[in-house]
Amino acid sequence: MPSVIFSHQAPGLALKIKFPKKVDGTALCIGTIVPDLTSIIDFLLPFSLRGVSHSLLGLLYYTIPLSLILMLIFRINIGPFLARTAKKEGRLSKSLNYLGMETWDKLKNKKYNRKSILVAIYSAFIGGITHILLDLPSHEYVELFFPFLLFKVPGILLHSIIQSQTYNLTIYELIWMIESLVALVFAIYFLRYIKKYDLINKWYEEI
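Residue numbers (the numbering used here): 227 to 433.
Because the hints were derived from the structure by calculation, they are not lab data.
Mixed in with the good hints, there may be bad ones.
Below, computed lysine to any residue pairings styled on SDA-like, alpha-carbon distance capped at 25 Å [claimed, not checked]:
{"no.": "1", "residue 1": "Lys378", "residue 2": "Arg276"}
{"no.": "2", "residue 1": "Lys428", "residue 2": "Asp262"}
{"no.": "3", "residue 1": "Lys248", "residue 2": "Leu318"}
{"no.": "4", "residue 1": "Lys332", "residue 2": "Ile414"}
{"no.": "5", "residue 1": "Lys378", "residue 2": "Asp262"}
{"no.": "6", "residue 1": "Lys428", "residue 2": "Ile299"}
{"no.": "7", "residue 1": "Lys341", "residue 2": "Lys422"}
{"no.": "8", "residue 1": "Lys378", "residue 2": "Trp402"}
{"no.": "9", "residue 1": "Lys320", "residue 2": "Tyr423"}
{"no.": "10", "residue 1": "Lys341", "residue 2": "Trp429"}
{"no.": "11", "residue 1": "Lys336", "residue 2": "Trp429"}
{"no.": "12", "residue 1": "Lys334", "residue 2": "Tyr430"}
{"no.": "13", "residue 1": "Lys337", "residue 2": "Pro291"}
{"no.": "14", "residue 1": "Lys337", "residue 2": "Asp424"}
{"no.": "15", "residue 1": "Lys422", "residue 2": "Ile243"}
{"no.": "16", "residue 1": "Lys422", "residue 2": "Pro306"}
{"no.": "17", "residue 1": "Lys332", "residue 2": "Tyr419"}
{"no.": "18", "residue 1": "Lys334", "residue 2": "Leu400"}
{"no.": "19", "residue 1": "Lys248", "residue 2": "Asp424"}
{"no.": "20", "residue 1": "Lys422", "residue 2": "Arg310"}
{"no.": "21", "residue 1": "Lys332", "residue 2": "Leu318"}
{"no.": "22", "residue 1": "Lys378", "residue 2": "Leu400"}
{"no.": "23", "residue 1": "Lys244", "residue 2": "Lys428"}
{"no.": "24", "residue 1": "Lys248", "residue 2": "Tyr419"}
{"no.": "25", "residue 1": "Lys248", "residue 2": "Thr356"}
{"no.": "26", "residue 1": "Lys422", "residue 2": "Glu315"}
{"no.": "27", "residue 1": "Lys428", "residue 2": "Leu322"}
{"no.": "28", "residue 1": "Lys341", "residue 2": "Phe351"}
{"no.": "29", "residue 1": "Lys337", "residue 2": "Ile352"}
{"no.": "30", "residue 1": "Lys247", "residue 2": "Asn303"}
{"no.": "31", "residue 1": "Lys422", "residue 2": "Phe351"}
Go ahead and model the full structure; you've got the sequences and the hints to work with.
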């Protein structure tokens, strides 16, 4: 996986900027995170959910439902909390402000109807699918069709670039590192773009 925070959000942020009225940015970005929440959930279970969370089937009965629940929690609690923190003095507040989080209290103003819920559902789906697509070349196994089919990535991606007694770097792991760095840079750029043009306030004034 590229890093869950903020790298996976880069495609979602780009889509929200390009199509502000056609996608739900919160559901979309949370949908990009949810597949990797199994890293936490698996500690509580006797089995792993990773295969499920990174499959097309899992998008429907895991990613979308959990994304919608977390979307509501984020809008009501987490977004406003980050906004309050960003408006205070301190190093952390400056970092949050730099990324435009001081306006995230506007997220709680979102109104819901049949159309907005439908938009949130397919936005969460898009978020989940972008996560899976980013993961495809950067992991040893492809879980897209789990539980019906699980296979390894092409052999060339398993080739070791650096190999020693204590460390082994494969091509797919190098791809993961590059994806993480590039996506992180783009995610920060998009957050700064949203802040520069005051897009959060503009989007939520139209609700």
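Status of the hints after comparison with the structure:
1. This hinted pair checks out: Lys378 and Arg276 have alpha carbons roughly 15 Å apart, not beyond 25 Å.
2. Between the alpha carbons of Lys428 and Asp262 the distance comes to roughly 31 Å, so the proposed pair goes past 25 Å and is violated.
3. For a cut-off of 25 Å, the pair hint linking Lys248 to Leu318 is broken: about 33 Å separates their Cα positions.
4. For the suggested pair Lys332 and Ile414, the alpha carbons sit about 20 Å apart, so the restraint of at most 25 Å is met.
5. Under the criterion of a C-alpha separation no larger than 25 Å, the hint pairing Lys378 with Asp262 is consistent with the structure, at around 19 Å.
6. About 22 Å separates the Cα atoms of Lys428 and Ile299, which keeps this hinted pair within 25 Å; it holds.
7. The hinted pair formed by Lys341 and Lys422 fails the criterion: a straight-line CA distance of about 29 Å is larger than 25 Å.
8. For a cut-off of 25 Å, the pair hint linking Lys378 to Trp402 stands: about 16 Å separates their Cα positions.
9. Restraint check for Lys320 and Tyr423: satisfied, since their Cα atoms lie roughly 18 Å apart, inside the 25 Å limit.
10. This hinted pair checks out: Lys341 and Trp429 have alpha carbons roughly 16 Å apart, not beyond 25 Å.
11. In summary, the hint linking Lys336 to Trp429 is supported, as the alpha carbons are separated by about 10 Å, within the 25 Å threshold.
12. Straight-line distance between C-alpha atoms of Lys334 and Tyr430 comes to about 10 Å, which keeps the hinted pair within the 25 Å bound.
13. The hinted pair formed by Lys337 and Pro291 meets the criterion: a straight-line CA distance of about 19 Å does not exceed 25 Å.
14. At most 25 Å may separate the alpha-carbon atoms for a hinted pair to count; Lys337 and Asp424 meet this at roughly 20 Å.
15. Simply put, Lys422 and Ile243 have alpha-carbon atoms about 12 Å apart, close enough for the 25 Å limit, and the pair holds.
16. This hinted pair checks out: Lys422 and Pro306 have alpha carbons roughly 20 Å apart, not beyond 25 Å.
17. Annotation: proposed proximity of Lys332 to Tyr419 holds, straight-line Cα distance about 17 Å (limit 25 Å).
18. Proximity of Lys334 to Leu400 is assessed by CA-CA distance (about 39 Å); at most 25 Å being required, the pair is judged violated.
19. Restraint check: the Cα-Cα separation between Lys248 and Asp424 comes to about 19 Å, which is no more than 25 Å; the hinted pair holds.
20. Taken as a hint, the Lys422 and Arg310 pair is honoured in the structure, with Cα atoms around 19 Å apart against an allowance of 25 Å.
21. Restraint check: the Cα-Cα separation between Lys332 and Leu318 comes to about 20 Å, which is no more than 25 Å; the hinted pair holds.
22. For the proposed pair Lys378 and Leu400, the alpha carbon gap of about 16 Å is at most 25 Å, so the pair holds.
23. Pair hint Lys244 plus Lys428 holds up; C-alpha atoms about 14 Å apart against a cutoff of 25 Å.
24. Of the pairs offered as hints, the one joining Lys248 and Tyr419 holds, with about 19 Å between alpha carbons and a cut-off of 25 Å not exceeded.
25. For the proposed pair Lys248 and Thr356, the alpha carbon gap of about 17 Å is at most 25 Å, so the pair holds.
26. With a C-alpha separation of about 21 Å, the suggested pair Lys422 and Glu315 falls inside the 25 Å cut-off, and the hint holds.
27. The hinted pair formed by Lys428 and Leu322 meets the criterion: a straight-line CA distance of about 20 Å does not exceed 25 Å.
28. Our distance criterion of 25 Å between C-alpha atoms is met by Lys341 and Phe351, whose separation comes to about 16 Å.
29. Distance restraint check for Lys337 and Ile352: the Cα-Cα separation of roughly 21 Å lies within the 25 Å cut-off, and the hinted pair is therefore satisfied.
30. Annotation: proposed proximity of Lys247 to Asn303 holds, straight-line Cα distance about 23 Å (limit 25 Å).
31. With a CA separation close to 28 Å, the supplied pair Lys422 and Phe351 exceeds the 25 Å bound.
The earlier numbered hints that this structure contradicts are 2, 3, 7, 18, 31.
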